[in-house]
Every structure is written in C-alpha cells, then in structure tokens.
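In case you want the letters, here they are:
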Amino acid sequence: MEKAKISTSQLFILMILFQLSNSLLIPLGMKAGRDSWLVILIAAVVSIFLFFIYRALYLYYPSLLLTDYTEKLIGKFLGRILAFLYILFFLYCAARVLREFGVMLLSFAFPETPLFVACAMMILVVIYTVFKGIEVVARTGEMLFVIMIMLAFFLFLLIAISGLIDVSNLRPAFEDSSKVLNTVFTETLYVPFGEIIVFTMIFPYLNQAKKMGKTGVAAISITGAALAFTTVLNISVLGVPLIERSLFPLLTTIQSIQVGGFLQRLDVIFILALVIGGFFKVTVYTYCAVIGASSLFDIKKPSKLAYPMGMTVLFLSMVIASNYSEHIEEGLKIFPLYAQLPFQIILPVLLLIIAFIKNRKKE
Amino acid sequence: MSYRKFLKKMKPKEQRKDLEKVEQKSIGTSITENLNIIKQKTGNSPDIIIRMLTFSHDPEVSTAIVHVDGLVDNPTINEFLVQSMEDSVQEKLEEKDLFKVFSEKVVAVSSLETLKDWDSLFLALLSGDTVILADGKNEALIASTRGGERRLVEQSDSEITLRGSKEGFTESINTNTALVRRIIKNPNLWVESMNLGKQTNTDLSIMYINGIVDTDIVKEVRQRLARVNLDAILDSGYIEQVIEDESSGLFPTITHTERPDAVAGNLLEGRVAIFVSGTPHVLIVPAVMIQFFQTPEDYYVRFPISTLIRMLRVFMFLISLIGPAFYVAVTTFHQEMIPTDLLVIIASQTESVPFPAIVEALIMEVTFEILREAGLRMPNKISATISIVGALVIGQGVIQAGIVSPAMVIVVATTAIASLATPNYDIAISARLLRFAFMLSAAIAGFYGIILGLIMLIVHLASLRSFGIPYLTPLAPLEWKSLKDTIIRGPIWSFNERPESLHPQNPVRQGKNQKPLPPLKRRMVRADTKEGDKNES
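Respectively, the protein sequence lines represent chains A and B.
If you're matching positions, the first sequence starts at 4 in the working numbering and goes up one per residue.
If you're matching positions, the second sequence starts at 432 in the working numbering and goes up one per residue.
Honestly, the hints are just simulated from the structure, not real lab data.
No residue lacks a Cβ here, since even glycine has one placed at the ideal position from N, Cα and C.
The hints are all genuine.
So the derived label-pair ranges between C-beta atoms look like this:
| id | chain 1 | residue 1 | chain 2 | residue 2 | range |
| --- | --- | --- | --- | --- | --- |
| 1 | B | 944 | A | 360 | 54 to 64 Å |
| 2 | B | 806 | A | 217 | 54 to 64 Å |
| 3 | B | 790 | A | 328 | 37 to 47 Å |
| 4 | A | 79 | B | 860 | 52 to 62 Å |
| 5 | A | 217 | B | 944 | 29 to 39 Å |
| 6 | B | 666 | A | 216 | 49 to 59 Å |
| 7 | A | 175 | B | 790 | 52 to 62 Å |
| 8 | B | 775 | A | 261 | 13 to 23 Å |
| 9 | B | 785 | A | 307 | 40 to 50 Å |
| 10 | B | 804 | A | 216 | 53 to 63 Å |
| 11 | B | 778 | A | 154 | 24 to 34 Å |
| 12 | B | 778 | A | 245 | 30 to 40 Å |
Facing chain B, according to a computed beta carbon distance under 7 Å, are these residues of chain A, among others:
| id | residue |
| --- | --- |
| 13 | 12 |
| 14 | 132 |
| 15 | 135 |
| 16 | 142 |
| 17 | 143 |
| 18 | 145 |
| 19 | 268 |
For reference, chain A alone in the conformation it holds in the complex (with noise of 0.2 Å):
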C-alpha cells in the first residue's frame, strides 16, 4: 500500500467518475427499449447493497486492501491466490476498456489510424498518472470531474435551446417488467455498478472513515440519477428505435444539436467525454492493478510497477478478441457470467460471511 491518504470528497469524485465514464456513452440496459432507465434507477438502488457488503469488508480491515485482507480470510495459500485473480481481473477490465474506448474513438473520428497507436497514446498518459499515485489521481480526478459537469451543463442548456426534446418518445412506460428485472440482473447491475468493487482497492486511503458510507451512497445515487437522466434524454431526442440502432446514442443525440447555425456537429465535445472517461477508468483500473501486484508480491516502490502492468494492459486489450463484435459478445455473454458475477457479488459475499463468523469467533 502507498502512503497516501485521500478525502472523502475526492472519494465521492473518483467514484462518480469512474462508474459514469464510459456507461455515460454506450447504450445502457437498452434489452427494455424505452423503460431502460428504470433499469438503471433499480440497478443503482441493488448496487447500494453491493456497495454496503464491500463497506462491511472494509470496516473488518480498515488498512488493508482487498488483496490484503483474502490471506488473512481464506489462509495464506488461498488467499493469494485470490488474490492475484483479483488483480487479474482488475487487468482484464482495464485492457476492455481500454479496447472498448480505443474501438468508439476510432470508428467515428479517426478511421485511419490504426488502434493499437490509438491506444498506445493512451496508455502512456495512464501509465505517468499511475506512476504518481492515488493522491495525483484523486487530484485529477478533481480537475476533470468540473470539466464533465461544465460539459454536461453546456449540453443540456444546448439540448435544450435546440428544441430536440419531445417526451412522447417516452411513452407508455413500465411496459414489461420482468424483462426490466432480467435487463438489471444480466447486464446494468455488473456495468457500472458491481465495477465499484475497485475501490475496496482504494477504501484504505480514506482519512475519514465515518463518512464513508454516506459518501458512497451519495455518490452511487447521483451516478445512478446522471446515467438515468441522461438516458431519457437520449430517448426522448432520438427515439427507441434511432438508439437501437446507434452505436453511441449521446453521440447521436450531440450530433443532432443545432443552435443558431453555427454552434453545430459538436463531436469534439463528446470526444473531451469519451477521453477523460476511458483515461479514468482505465487509471483507477490499472492502478488497483499496480497497487496490488506489489503488496502481493512485496515491491517495495508500487510505481515501479506502472509501466509493466501499463504495458500489460495495451497487448491485452489488443489480444483479448480478434474482432469488435467478438469483445461485443464476450463483454455481453461470457464476461457478466463467468467473470463478474463471481468477482463483484459472490466472492466478496462469500468473504464478507467468513469474516463475520471468524470476528465472532474471537468475541
């Protein structure tokens, strides 16, 4: 672990950025048409539970990281190794991401450049902001979390002014409930909202812990409020069936804009978005990464890490599918299943049940 401590503000930034980054771009639960954003409401009102058992693992360890805290669970052997599949996952969501936002830039600014060069720039900028540490990160955060909300204002006010809105597109609502049950528990639940399981990387570095739990929770709803919002405004601009469509809907929706005849085909905006998200994400990813590697393998400078693992996670993102619509199709079917249920709900629940028998014991 580094010595460093952050803020429970900067606690309540980091999370918000990092869980609205990508999600903000991508169609979110969209398997229930125009209800998806109840989807999203109902995803971020079970992920405050997951949220609380990450809490209550915490509040076991108060210093200890997530890599940390599994030897002392589940015994050395074990531990480790849970560890270190943790920090493989950690990786693997990196390079996804990483893949995922090299793919959206291409396809629609960029068509020329090759995305391993794409990415590679990337990784470099992730790889420095690695090297200098949570607290550099926190601070960054910080920066562009005002650049995002000055964005998102500017947007709307444009949305609006443009007179793109029509709230008919929105109509009927709670058509088919079970399928939005279905979409929360197969796809919205696990991103963005099980992807908090990160900050049980991070939880450590708290100066306050008291006002944690307030503070995730805060958080939490608000990203859960912005991606809700944000998907109704898409639908109400575009219509279900233009987002079924599309691959990138507030893309759509940006590129609809037109005030005035000259503030129009603002895509430069939706490329500032896409690229301070992808860069947070795949940051705090590869960070939690770092940060684990060296306390699990006793290193005693974690930033002498950021550059191999940065590494790491360009040639995965560049291997981990041969093609766009196969990483489309593991992220939909096998990634959720095999991956991230196991790794955000039932390993931490099943850690937090030990820890809590264990802690009863010693009473």
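Since the structure of chain A is provided, determine the placement of chain B on it from the hints.
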C-alpha cells in the same frame, strides 16, 4: 594532495610566516600590523580608504578609520563620525579608553559595535560599514555608515498597475524590507537575515508575520536555505532554483514580485517572503498555480470586474496554450466541425499553400518567437525596425508569397497577444513552450492528441507541490472556502478566512459583518415606515 603538500614545503620560510600571520583569526594590538593585514588581504585595492587620525591631546595614540569608497555615505563619515570623534576626545581628555569614549559620545551614527575577529570585520567593511582601529586595542569599532549610490524607489517595469501603489522594490535589501514594513506596521512582522554565497556573501532575509504563518512552512524555508552552498548569488533566481520542489518541470513553484503591496498581501495570507540583496525580485513561497493569474490590482477594483478579468486571463492562457494546436487539429482532422461557409473560405486560402497546416503553424510560431526575442533585448531605436520588418516584410510578404495562409497568421497573432495578456511572465513562458508540444500532438492525432495532452498537463500539475502545498489548491484538493479567491474574486467583505491550505495559525481574517449597509431610506419602503421619510431625491 601530496602534490600540494609538496608545494607547501617548497615555499620559502618567510613567506609562510607571512601567510600564517594573515590566517590569524582575531585582531592584534598593533595598529600598523592590523592595517597591513587589511591592505594585504584586500590586495592593496585603491578603493579601500584608510585614514589615520591623531588627536591633539596625545599624538602618541593613533587611530585609523577604514572604509570602502563608494559603499559608504561620505557625509556621515565626515560630519558625524570624524567630527564627533574629535569632539568627544577633546571633552574627555583624562579617559584613556578611546573606544569607550567613542561609543558613549559618538551617537551621531546609527549603530556602533565592537568586533574581534577578522572575518566579521571584513564582512562589515565590505558591506559599507566603517571600521575604527586604535593603537593598543585588539578589537575594532564598527560604525554603520552604509550608503553610496543606489537606484531610487521607482515604479516597477514588469508589474504595472493602473490603481494602487506605484512603488517598486529596489536592489537594496534594507530599502525593500522597509517598504513592506511601511505597509504592515505590526511588531509581528518578523525578519530573519542570513548571509549566503561563499564568494559573494549576499545578504538574504526571510520575512513572515508571526502568529499568522504556519511555523512548519517557515521551518521548511529555513531548512532549504540552510543547505544552500552556492558560490555566488547574483539574483533571487539563484535561490529559487536551489530551493524549489521541482527543478526540472516547466511550471514555476515559487512566485516573485517587484511590488511591496503584493508581498504584504501574501504575508497576510500566511506566506513567507525571501528578500535577496541586489535584486528587486522578492520570492514568495509557497506558490499555487492560481496565483500566477492574479495581480495586486485585482483586489483594488470592484469584484465583478476583477472576476471577469481573471476569467479572461485564464481563457487567454488556454488560447496561448492550444490556440494553434486547435486550428491545426480542426483543419487537418475535423473539417466537418467548421461551418460550411467558413470552410470554403479557409479552403480557398490554403489551396495555394504548399505545406500542411502543422508546417505552416511551425513556420509562423518560430518566426514570431524569433521576432519577440530579438525585440526584447534591443535598444528602443532598433526595436522599431524589428516591428516594421516583422509586420510588413514577414507578415505581409509571407501571405503574398503564398507560403502561409492568412487564417494561420490571424491564429498565430491572436495566440501571441493572448500569451502577452497572461500577467505572470513565468507561467506565460511555460505556455509558450508547451504550445509547440500541443501543436505536434494535434498534428499527430487531432483533438484526441490535444485532449490527451491536456490530461497529461493536469496530471503533472496535480502532482506538483510547493513547500508541501499541492499546486492546484484550492481546486484540487478542493477547498470550498478558498474558492472565492481563485478564478473568481469574491467581494472583499466575504474574505473572512485566510486560505485553508496554508494552515494559518490565525485563520480569521476580519470581522464578519463587513458588507456595506446603506441606510434604509435609500431602499424602496412603504409610505408609513418612519425611516423612509426622505426617500425622494
């Protein structure tokens, strides 16, 4: 080593004896010997003036005064020192201890002290004090007679304001500290002085307000200064470069000013000022990024105006950073973003230009940098020629020759003016250098490159610290209370606390109800309210 020892042994014995004499630590009793040592140590320099004085009552006892020509105030020596020495000796004929007589009677000079060792004697002599030696005494009397030709207190050239004090610092450290003392008349304004530079023996003072400043910051400043072991300190820039946190980065983590009111304002916020003799630039630590966009004048004009001006400055800084890069990115990668009419204009202009946008931009930027550097160091008469050559020959000619498009010239000119609008030269110059990096990244990857560059810049800035304070405070880490004096400048009556990040000992700045309260009768009031009786004009 052995070679040197060998040489030492080879020296004739007499000469070695001489050397040993000079190496003596303390002053001897014989005046002629003492004067010889002074002459020898200073290499018989003609500007070391030695005057022998004998007094009529006892011609046996001789005294001498020694001073350096030009460093001393001649009227003080002639009228006050020599004259009153003679007078006092006349008065007290019976007293044998001359120094006692002098120190009791010679009050005309501001300070007198006795010294016994050569090192401090020479330091005092070369600082402009007058040394009084007497036969039979193994000590010297030092009279403070510092003076000589100096620049007067003038308006500073580098920080010009329309409103506020016109005084600027000078090269004299005593004048400078006095200028600040004149603003803050408070015994808690503490000054610590020291002497640094092995060869130059430069005077240096640190100034802070006891009771406001965080003692840890003062301790840190002292520690960092204590390890300075430079040969020479010719400007505060020398000190800045050996005590700053990040010496290889592009961004300054110590700010400097030529204005006493700026120093006073910073001291009152809990910062520490470092004065260096021989330069009008006073260092202020710790410095945060946002300070480089602020000027003292911001606090003298009304707050909505200075808020807008500060926003303008940050905007100008951004333009000077990514202006040309933005143009390169748009014309190279994102043409669809330009409204069609404008695109047609730009396309028709660039049609005849043989280079891609990045080459055009580099040509113009480098030309501009050359013009600027040439104009900066030139005498005024020649710099007029440079502006004519720059404007007419290069600006006009380059377009007519079809080497660079007019749109590019506009972009570069705007950027140039924007970078001049940044009030602090140190931060403007970082933007000037980074601009080229941004131009290249825009040429490689368009907006993606620019945004990645900006993120990298933010990460770098977030990783900087100045004397323990994160460089981006109060934006990151966020401090709500300090936000009102950042890019926005809140009203003076709302500045109730000093900046939190500096951990001031006394965080309360002023009374809570400083908001002006115009009398009730000026407002719109109902007719039956008594106080509103005189509402009509």
